[in-house]
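**Q** Sequence:
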Amino acid sequence: MDRHATQTLSTGPEPWSPEALALLQRAEAHDTTAGMERVTDYRDADCPVIGVRDEAGALVGAYACVWNAQQRNLYIIAAGGSVPGVDLTAVMLMDMEQRAAMLGADFISLQTRREGLVRKLSRQGFAVHGVILRKLMKAAQ
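Numbering that gives the first Met the number 0 applies: residue 0 is where the sequence shown begins, and numbers increase by one.
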């Protein structure tokens with residue numbers, strides 16, 4: 000059995016450190032905004048970073064979120080990380096749901112173009128709420 004499979008992971012607020020930013024920027028490889036938004040755009044906003052640390056204290060994952068009180072929506076800006084043998088998405092999702100419940104959220108939302116993540120989150124109660132269409136114009140080529 001992988002030694003990481005049974006380890007305890009902890010979540011909590013993190014500073015916008017280079018280490019956390021590197022994990023968050025992994026999501027930019029699957030950007031849904033055609034480069035119009037970057038993780039760093041949220042650095043100075045009211046956008047907390049929640050880190051996932053392993054037993055040794057190493058930062059192994061992170062997500063950034065924005066709370067919209069008017070819409071009662073916890074919007075996930077980006078998430079990234081990995082731990083061999085551990086479903087880090089499930090770990091972060093549990094934390095997101097706890098955070099959303101504490102805020103009194105009606106929704107957790109995010110954008111992705113990763114089909115596997117859509118399927119995985121659909122099994123956890125998420126539903127596709129819209130589709131982004133984009134047409135490449137000749138002038139942009």
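Some clues are possibly wrong.
Claimed, not checked - Restraint ranges, calculated between C-beta atoms of paired labels, are given here:
#1 Ala138 with Ala100: 44 to 52 Å
#2 Gln24 with Glu54: 19 to 27 Å
#3 Arg37 with Val127: 36 to 44 Å
Please keep in mind that the hints were generated in silico from the structure rather than gathered at the bench.
On a predicted model such as this, the values are computed, not experimentally measured, just so you know.
The beta-carbon is built from N, C-alpha and C at its ideal position, and this holds for glycine as well.
**Q** All hints are to be evaluated individually against the structure, with a verdict given for each.
**A** Hint check:
no., hint, in the structure
1, Ala138 with Ala100: 44 to 52 Å, "holds (47 Å)"
2, Gln24 with Glu54: 19 to 27 Å, "holds (25 Å)"
3, Arg37 with Val127: 36 to 44 Å, "violated (24 Å)"
Of the numbered hints stated above, the single one contradicted by the structure is hint 3.
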